[in-house]
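Listed below, chain by chain, are the residues.
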Amino acid sequence: MSEPILTLTGVSKTFPGVRALQNVSLALRPGSVTALIGENGAGKSTIVKILTGIYTPTEGEIRVAGEPKSFASPRDAWAAGIAAIHQETVMFDELSVAENIFMGHMPVGAGRLVDWSEMRAKAAALLKRIDAEIPPEFKLKRLSVAQKHLVEIARALSHEAQVVIMDEPTAALSANEIDDLFRIVAQLKAEGRAVVFISHKFDEIFRIADDFVCLRDGDKVGEGPLSDVTEPQLVRMMVGRPVDQVFPKRDVPIGGVALSVRDLSNATEFADVSFDLRKGEILGLYGLVGAGRTEAMQGLFGITPLTRGSVTLEGKPLSIRSPADAIHAGISYVPEDRQEQGAVLSLGIRENVTLANLVKHVRGLFLSRPSEQDETRRLGRRLAVKAANWEQRLGELSGGNQQKVVIAKWLATRPKVIILDEPTKGIDIGSKAAVHDFIGELAGDGLAVILISSELPEVMGLADRILVMKEGRVVDEFQRGKWSAEAIVGAATGARKEAA
Amino acid sequence: MAGRAIKTRRLIVAPPPLTPSLKGEGDSEALTPPSPLWGGVRGWGYVIAEADPASGQRRMRNVLNYRELGLALVLIVGVGVIGAYQPVFLEWRNIGDILTETSVLFMMALAQMVVILTRGIDLSVAANLALSGMLAALVSQYYPDTPLVLMILTAILSGLVLGMINGALIAFLGIPPIVMTLGTLAVYRGLIIIIAKGDQVNASEMGVTFQAFPKMALLGLTTPVWIAILVSILFWVFLNLTRAGRGLYAVGGNPVAARYCGIDQSRQELLAYSISGAVAGLCGYLWVARYGVAYSEIANGYELTVIAACVIGGVSIGGGVGTVAGTLLGALFLGIVMTALPVLQITPFWQMAISGAVILAAVVINARAEKRPDKLILPEARRLGRDTRMLRRARA
Amino acid sequence: RPARAANKRIALIVKNLGNSYFDACANGAKEAAAELGGIEIIYTASAKPTAEEQIAVIDAQIAQKVDGIIVSANDADALVPVGKKAAERGIKVMSFDSAIAPAGRTVHLSASSTPLIGAKQVQMIAKTLGNKGEVAILSAASTMTNQNSWIEAMKEEWKKPEYAEMPLVATVYGDDQDDKSYREMQGLVKAHPNLRGVISPTTIGIRSGAKAIVDGGLIGKVYITGLGLPSEMKDYVMQGACDSFAIWNPVEYGYASTMIMADLLNGKDAAEGAKLSMGKKGETTVGKDGEAVMGEPFEFNKTNVEEFAKIF
Amino acid sequence: MNAPISPPPETRYTVLDAPRRGIRDVLMRWEVILVILLAATTVVNTMVSPYFLDVFNLADATFNFSEKAIIALAMALLILVRQIDLSVAAIVALAAMGIGYAAEAGFGPGALFAVGIGIGLACGVFNGLLVTGAGLPAIVVTIGTMSLFRGLTQVVLGDQAKTKYPQEFLDLGQSYFIKMKETGISWLFVPPVPLSFLIFLVLAVLFGIVLHKTATGRKLFAIGSNPIAARFSGIPVDRLTFLLFMVSGILSGLAAALLTARLGSMRSNIAIGWELDIVTMVILGGVSIAGGVGSILGVVLAVFVLGLVTFGMSLNNIPGQVVSVYIGALLIAVIAIPRIVDRLGLRKPAG
Ligand SMILES: Nc1ncnc2c1ncn2[C@@H]1O[C@H](COP(=O)(O)OP(=O)(O)OP(=O)(O)O)[C@@H](O)[C@H]1O
Ligand SMILES: Nc1ncnc2c1ncn2[C@@H]1O[C@H](COP(=O)(O)OP(=O)(O)OP(=O)(O)O)[C@@H](O)[C@H]1O
Ligand SMILES: [Mg+2]
Ligand SMILES: [Mg+2]
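Residue numbers (the numbering used here), protein chains in the order written: chain G, 1 to 500; chain X, 1 to 396; chain R, 1 to 312; chain P, 1 to 351.
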């Protein structure tokens with residue numbers, strides 16, 4: 001076994017009122033992939049931020065190749081050979097791809113002036129190395145999400161760092177893209193670098209990682225080689241109790257048609273989307289990232305204007321021009337972009353939960369606080385939101401807990417149809433099970449559910465039926481029991497049709 | 001984007017091949033799906049409009065983007081029309097006057113742009129200009145033997161200090177820029193009264209060289225124009241060729257991302273407001289020396305003209321977007337409007353209404369240019385590239 | 001001579017601070033106060049030259065129960081209510097420089113009669129140009145009462161046959177801002193290639209206009225005249241941008257106003273025909289609408305400007 | 001259910017209904033700071049000037065800020081939802097001009113108020129359409145309309161003034177709406193109240209209730225905090241923003257009517273520069289320029305603080321421009337001091 005390239009000893013980090021990390025130690029070896037696991041809010045991202053000089057630890061020591069280091073800024077971390085892909089997308093839409101890669105460490109030539117041609121050449125080389133021929137002078141805003149992700153990876157590689165940290169890099173990716181990413185990870189490993197990999201998806205962890213470090217509420221509760229543990233053991237370590245890993249599928253009697261969608265189209269993003277959705281049914285919507293699922297469902301929800309199409313709910317034709325219309329009719333949509341579209345970060349949990357259904361809490365002319373509190377408590381407990389109090393600002397919660405509050409907000413509207421767009425993106429396993437269970441329960445109560453997920457096991461585990469979208473159109477439909485993962489992925493990528 | 005274009009692959013104008021040839025060649029190619037990670041499927045939609053890098057059009061766009069080209073065009077047509085009515089407007093002398101009159105606006109707008117790039121705003125620039133100008137004038141009045149360079153330096157330094165006060169409180173205490181500079185706007189203007197004891201400094205009280213400098217001409221252009229040219233070049237180099245300059249775009253474009261890239265937002269903000277202040281100081285000297293008077297009311301309300309110039313030039317109030325060329329064009333545009341109206345004998349009462357209308361028109365046009373491109377997911381939309389109007393009409 | 005008033009406070013409220021003209025007036029007021037004895041002068045102004053702001057300042061003087069208020073009004077009519085309120089509370093109100101409408105004050109002291117000021121300026125430019133050539137007016141803000149009434153008076157004078165070959169071609173506004181006045185002057189010259197003279201009845205307009213003439217190399221081609229301060233105009237007169245200009249002595253103006261206020265405070269009647277003392281400047285007779293006149297505007301040219309530049 | 005699933009036990013985390021508030025949290029509240037400031041202003045002014053504590057003087061002082069304060073209420077809501085309206089003063093000018101013409105045409109007081117409000121409304125609609133319809137940044141749009149509206153006033157009015165108004169209209173603006181009444185008890189009396197001040201107080205209560213107690217108010221906070229999420233939550237973001245621009249126009253029109261009645265005259269430079277005074281009131285009132293934070297009580301307190309500071313200083317014959325130095329410094333200090341305290345406070349537990 002080689003010497004650790006980076007060690008953390010007794011690291012603690014406190015925020016006002018929160019102990020995010022407590023006496024955590026870990027060691028990273030070159031040429032190995034260490035998985036960092038833990039529930040939402042366990043402190044994973046906090047470790048990343050300490051290692052990259054964004055937070056300074058309250059206590060503890062960082063050593064790189066045996067040398068004690070303190071990082072005041074990401075520059076110090078880069079200098080020490082540490083680079084990261086952060087959980088939040090942190091990019092500059094208005095700047096070029098090359099600048100996005102080299103921001104903060106642009107190559108300079110004579111007179112310390114930026115050497116653009118060298119920067120472009122280097123960027124092109126880096127992108128080529130990860131099989132992404134994106135022109136380096138393109139403005140980032142012209143790229144697709146997947147391409148942006150590649151740029152972020154190129155940025156992490158640009159430092160030629162010995163330690164590469166990836167905080168939930170796969171949360172927004174689907175199968176093929178994850179394969180590509182793992183090729184890159186394998187390459188890094190082969191080059192003798194240490195990789196830290198954070199994910200809530202255990203199949204990925206077991207596929208790619210060598211070691212694991214498990215956190216729970218800021219404490220390190222376990223570490224070691226992954227070959228020594230089983231998945232249930234890991235989960236138990238993480239959550240502190242056993243959780244059934246298999247996504248449970250409730251047997252729900254499926255009723256009459258709730259929602260009927262015909263020929264939903266807009267100009268450039270999706271066309272001719274038609275389907276029927278029955279009461280109690282969970283309809284999975286699968287596709288590669290960028291297949292237009294989000295757009296189609298946002299069109300249905302009244303966010304983007306339609307050019308064509310009709311929507312009928314329980315036999316009544318609807319005219320949906322805005323989200324307010326949709327909510328009023330009984331359709332809810334849990335958006336995929338939590339930070340921007342879902343959460344109101346500077347308001348409290350209570351205010352977020354009741355936001356989409358304020359009418360319900362109006363007594364006379366005014367809002368009733370007790371009524372709001374009841375609702376918040378009920379939904380918050382049901383979804384196991386972890387917070388200090390129900391008035392806490394959403395921005396102070398971990399990503400996963402924010403997502404739970406956003407889901408609670410939509411459940412509070414008592415919808416007839418709920419569209420869940422990547423509802424468990426970035427949610428830990430215990431909470432995920434709670435969300436799944438809740439989805440099942442809602443279906444049991446006769447709610448019709450549309451579930452968009454890029455996680456195939458999740459869709460296959462929960463859905464009664466799966467529609468597959470590709471390039472803005474529905475290309476295939478699968479019934480429960482008559483599907484296989486290969487067939488679904490094949491439909492999503494277009495390989496199936498060609499092969500046939 | 002500014003800077004020299006390096007050789008890039010000629011990008012395709014036709015519909016994309018189904019299987020980009022980036023992955024390894026092989027027999028299984030036909031079955032291998034185009035990897036969306038490399039973005040081929042989506043990516044092509046965006047690159048369709050790209051022309052051959054070698055073509056002149058492309059090189060032109062490296063200097064001026066579409067919006068700036070549009071603005072330049074409007075300017076040329078506008079000047080042509082004005083010239084048709086009043087040929088005197090096109091005389092070299094008048095053009096020289098326009099440039100001289102606008103030189104302060106050029107510099108102030110560039111400095112304001114630097115601040116707006118960081119998502120800030122500096123409302124105190126005009127007050128800073130007036131105060132710094134007053135200080136220079138007082139030096140000239142009471143110490144007439146001071147070398148001119150020192151008097152100009154006094155103005156620049158005073159501007160710099162005033163700008164740094166803004167910058168320090170904004171950067172290190174996180175006071176919102178609009179609040180901070182609204183406050184210092186009042187404070188700096190009031191300080192003029194206090195420092196000068198309510199008095200003004202007249203042309204006859206200022207030194208002769210002090211006033212003569214802005215009137216000197218070289219190759220038909222006055223010193224303020226030359227200074228503006230020099231300052232513009234410095235700004236261009238700073239914003240495009242230095243790390244700190246690019247850092248300003250980063251901080252304004254995405255502050256969190258900038259932090260993750262090790263860019264110190266506070267330091268960038270301090271830098272931006274210091275630049276803004278120093279330029280205001282320099283302009284303070286030029287203003288006072290040129291108009292031959294310093295008192296508390298000079299350049300009253302000028303901050304809004306400066307911001308308007310930025311806005312017309314395509315600087316986004318949301319931060320992170322703006323170019324030197326655009327801002328200069330915006331300032332020139334306002335400069336021409338301000339100097340053309342008197343020449344055209346448009347009744348003075350119309351002037352304000354016209355500049356208001358021009359600002360509104362500019363924002364509306366800029367906003368159209370800035371509209372986020374559609375996501376071209378549908379294959380037929382990608383084939384048409386950005387020009388999806390046809391498709392939209394067909395589908396409606 | 002015994003003091004005519006004892007321990008009285010007089011507020012001198014002008015349009016804006018930092019204006020040499022009003023500073024000179026205030027010096028005159030203080031001179032009068034010293035001469036009279038027992039009078040305190042409160043010299044103040046609002047931050048912006050608008051009626052609203054000025055009213056706030058006057059309100060504060062009323063609240064302090066000063067004895068008299070002398071105002072150079074930002075708006076003649078808007079100050080009437082507050083003037084009446086002051087009168088109700090036993091405070092004497094008069095205006096100088098820029099008048100309050102008659103209902104809002106007892107007396108207005110004009111530096112000179114409006115027709116006289118208007119005529120004088122036209123005469124000065126006519127003399128410079130030999131009654132020949134295009135002339136334009138460069139005024140301050142279009143909202144200023146005194147500017148507008150002088151312009152009216154100029155147009156009246158212009159009707160005389162001797163000015164037939166000296167047409168008025170434009171009236172522009174520099175808003176009493178140096179840069180705007182400067183640009184307006186440049187614009188005038190370009191829009192009217194045959195322009196020979198400019199009248200600027202405002203101290204800021206005339207100095208910026210004169211500067212534009214000097215900077216534009218137009219000396220000898222275009223002349224400016226109007227109301228200016230010798231200290232500001234001296235150089236331009238010597239350089240030849242301005243042949244002659246006029247103004248009253250602002251120090252005397254402030255002095256005379258204060259003297260009249262002292263009379264009012266002593267209970268002197270200010271009805272039409274009444275005579276009020278202006279101290280060493282003599283007496284003035286109250287005319288129609290309570291208007292009194294101090295004297296004639298004084299003309300400055302190369303021969304005397306340097307001497308007066310030392311004073312104001 | 002085919003698999004046993006145990007939802008996380010509820011006892012694992014206790015989540016309180018509301019945070020425990022320390023004395024420091026209460027003291028650091030913006031409104032508390034303002035109350036302290038208000039008290040300090042009153043005490044200092046009373047000590048420095050014998051004329052300060054006088055009902056009539058104070059009532060007169062309210063004349064000079066009430067119109068601005070009325071507009072500040074609308075501005076507070078706009079800033080709360082991340083917008084701003086810099087054209088308010090220009091709207092006042094345009095509306096006042098309309099009132100001037102209407103008065104010449106012989107309209108009565110009620111009709112004159114209606115004209116002012118109507119013109120204000122039209123301007124507000126114009127701003128609102130540009131901002132919400134065309135999706136433009138409000139600060140830029142309203143810098144443009146500021147020039148446009150005042151420019152139009154200048155075009156129509158030129159160098160003229162409008163000075164003829166019916167006496168009943170003038171009385172509304174110039175005399176006390178509620179006359180002072182003694183109650184027999186020496187310290188208890190009905191103070192004199194000008195109409196504009198009364199309207200301000202009534203509107204402030206109304207705005208306070210709407211913002212802090214109703215669903216609409218909550219929606220405004222949500223828009224200010226995250227407009228996109230608000231839209232996804234079914235809140236008609238554009239419609240509410242549009243409405244707020246209309247309210248801003250209406251209140252500017254109302255202020256124009258009150259101001260015209262008070263001045264009895266209008267010129268094209270009426271109310272020039274008010275926009276910055278009004279923004280100052282709102283910001284000092286603790287409304288965050290970043291949106292989503294603020295209270296009407298704060299704005300009302302700030303209005304009083306500013307009004308009394310200005311009045312107190314002019315009682316001491318401090319010239320206007322010097323007063324604005326103090327106000328500018330006050331604005332910065334009041335925003336900066338809590339942040340400095342916060343910084344020092346944060347260091348403690350760490351060190
Ligand atoms: N800036 C901050 N201020 C206050 N508390 C914070 C801050 N950042 C993180 N925390 C808290 O620290 C704890 C750890 O957060 P962290 O983001 O590291 O969790 P995580 O393990 O990455 O969770 P997730 O899987 O949801 O991303 C959480 O309780 C979080 O609320
Ligand atoms: N060019 C772009 N610029 C910025 N954001 C984009 C761009 N393209 C897509 N996105 C965002 O990325 C996310 C995923 O892409 P998209 O919605 O196009 O496809 P999808 O089929 O809905 O994908 P998903 O599998 O994530 O549901 C969405 O939040 C979308 O708004
Ligand atoms: Mg995390
Ligand atoms: Mg999506």
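In short, the hints are calculated from the structure, not lab data. If you're wondering where the values come from, they're calculated on a predicted model, not measured in any experiment. Glycine included, every Cβ here is placed at the ideal spot set by N, Cα and C. Take the hints with a grain of salt, since some may be wrong.
[To be verified] Think about it this way: if two alpha-carbon atoms lie no more than 27 Å apart in a straight line, the pair counts; the simulated DSS-like pairs of lysine-lysine are: (1) K85(R) with K219(P); (2) K179(P) with K85(R); (3) K197(X) with K30(R); (4) K65(R) with K213(P); (5) K155(R) with K179(P); (6) K302(R) with K215(X); (7) K164(P) with K84(R); (8) K155(R) with K127(R); (9) K179(P) with K416(G); (10) K8(R) with K85(R); (11) K164(P) with K85(R); (12) K221(R) with K215(X); (13) K288(R) with K181(P); (14) K164(P) with K65(R); (15) K360(G) with K219(P); (16) K30(R) with K302(R); (17) K197(X) with K84(R); (18) K386(G) with K219(P); (19) K128(G) with K69(G); (20) K288(R) with K84(R); (21) K122(G) with K148(G); (22) K179(P) with K360(G); (23) K84(R) with K181(P); (24) K197(X) with K268(R); (25) K310(R) with K280(R); (26) K84(R) with K179(P); (27) K279(G) with K482(G); (28) K8(R) with K268(R).
[Said to hold, decoys possible] The calculated label-pair distances, taken between Cβ atoms and stated as ranges, are: (29) R369(G) with P191(P): 57 to 63 Å; (30) L206(P) with G10(G): 56 to 62 Å; (31) L230(X) with E340(G): 41 to 47 Å; (32) I209(P) with E231(G): 42 to 48 Å; (33) L230(X) with L38(P): 32 to 38 Å; (34) L206(P) with E477(G): 40 to 46 Å; (35) R321(G) with P166(P): 24 to 30 Å; (36) L344(P) with L344(X): 57 to 63 Å.
How the hints compare with the structure:
1. A threshold of 27 Å between alpha carbons decides the hint, and for K85(R) with K219(P) the separation of about 46 Å lies outside it, so the pair is violated.
2. Under the criterion of a C-alpha separation no larger than 27 Å, the hint pairing K179(P) with K85(R) is consistent with the structure, at around 15 Å.
3. With a C-alpha separation of about 17 Å, the suggested pairing of K197(X) with K30(R) holds against the 27 Å cut-off.
4. Note on K65(R) and K213(P): the hinted pairing is violated, with a Cα-Cα distance of about 45 Å set against a maximum of 27 Å.
5. For a cut-off of 27 Å, the pair hint linking K155(R) to K179(P) is broken: about 49 Å separates their Cα positions.
6. Between K302(R) and K215(X) the CA atoms are separated by roughly 25 Å; this keeps the pair inside 27 Å, and the hint holds.
7. Taking the CA atoms of K164(P) and K84(R), the gap is about 17 Å. The hint holds against a cut of 27 Å.
8. Using a Cα cut-off of 27 Å, the hinted pair K155(R) and K127(R) holds, with the two alpha carbons roughly 17 Å apart.
9. Restraint check: the Cα-Cα separation between K179(P) and K416(G) comes to about 60 Å, which exceeds 27 Å; the hinted pair is violated.
10. Simply put, K8(R) and K85(R) have alpha-carbon atoms about 19 Å apart, close enough for the 27 Å limit, and the pair holds.
11. Simply put, K164(P) and K85(R) have alpha-carbon atoms about 19 Å apart, close enough for the 27 Å limit, and the pair holds.
12. For a cut-off of 27 Å, the pair hint linking K221(R) to K215(X) stands: about 19 Å separates their Cα positions.
13. Between the alpha carbons of K288(R) and K181(P) the distance comes to roughly 41 Å, so the proposed pair goes past 27 Å and is violated.
14. Of the pairs offered as hints, the one joining K164(P) and K65(R) is violated, with about 30 Å between alpha carbons and a cut-off of 27 Å exceeded.
15. This hinted pair checks out: K360(G) and K219(P) have alpha carbons roughly 14 Å apart, not beyond 27 Å.
16. At roughly 30 Å between alpha-carbon atoms, K30(R) and K302(R) are farther apart than 27 Å, so this suggested pair is violated.
17. At roughly 33 Å between alpha-carbon atoms, K197(X) and K84(R) are farther apart than 27 Å, so this suggested pair is violated.
18. Restraint check for K386(G) and K219(P): the C-alpha separation of about 25 Å stays at or below 27 Å, so the hint holds.
19. The suggested pairing of K128(G) with K69(G) is violated, with an alpha-carbon distance near 33 Å, which exceeds 27 Å.
20. The suggested pairing of K288(R) with K84(R) holds, with an alpha-carbon distance near 19 Å, which does not exceed 27 Å.
21. Between K122(G) and K148(G), the direct Cα distance comes to roughly 17 Å. Compliance with the 27 Å bound is thereby established for this hinted pair.
22. As the CA atoms of K179(P) and K360(G) are separated by approximately 45 Å, the hinted pair breaks the 27 Å bound.
23. With a C-alpha separation of about 23 Å, the suggested pairing of K84(R) with K181(P) holds against the 27 Å cut-off.
24. Restraint check: the Cα-Cα separation between K197(X) and K268(R) comes to about 36 Å, which exceeds 27 Å; the hinted pair is violated.
25. Of the supplied pair hints, the one linking K310(R) and K280(R) holds, its CA atoms being roughly 21 Å apart against a limit of 27 Å.
26. The hinted pair formed by K84(R) and K179(P) meets the criterion: a straight-line CA distance of about 18 Å does not exceed 27 Å.
27. As the CA atoms of K279(G) and K482(G) are separated by approximately 21 Å, the hinted pair is consistent with the 27 Å bound.
28. Between K8(R) and K268(R), the direct Cα distance comes to roughly 15 Å. Compliance with the 27 Å bound is thereby established for this hinted pair.
29. Between R369(G) and P191(P) the C-beta distance comes to about 35 Å, which lies outside the given range of 57 to 63 Å.
30. For the hinted restraint 56 to 62 Å between L206(P) and G10(G), the CB-CB distance of approximately 58 Å keeps it satisfied.
31. At roughly 43 Å, the beta-carbon separation of L230(X) and E340(G) lies within the given 41 to 47 Å, and the hint holds.
32. Look at I209(P) against E231(G): about 56 Å separates their beta carbons, and that is not inside 42 to 48 Å.
33. The given range of 32 to 38 Å is broken by L230(X) and L38(P), whose C-beta atoms sit roughly 51 Å from each other.
34. In this structure the hint that L206(P) and E477(G) lie 40 to 46 Å apart at CB is violated, the actual value being about 56 Å.
35. Separation of R321(G) from P166(P) is about 47 Å and departs from the stated range, judged on CB atoms against 24 to 30 Å.
36. Distance hint check: the CB atoms of L344(P) and L344(X) are about 60 Å apart, consistent with the given range 57 to 63 Å.
Hints 1, 4, 5, 9, 13, 14, 16, 17, 19, 22, 24, 29, 32, 33, 34 and 35 from the list above are not met by this structure, while the remaining hints are.
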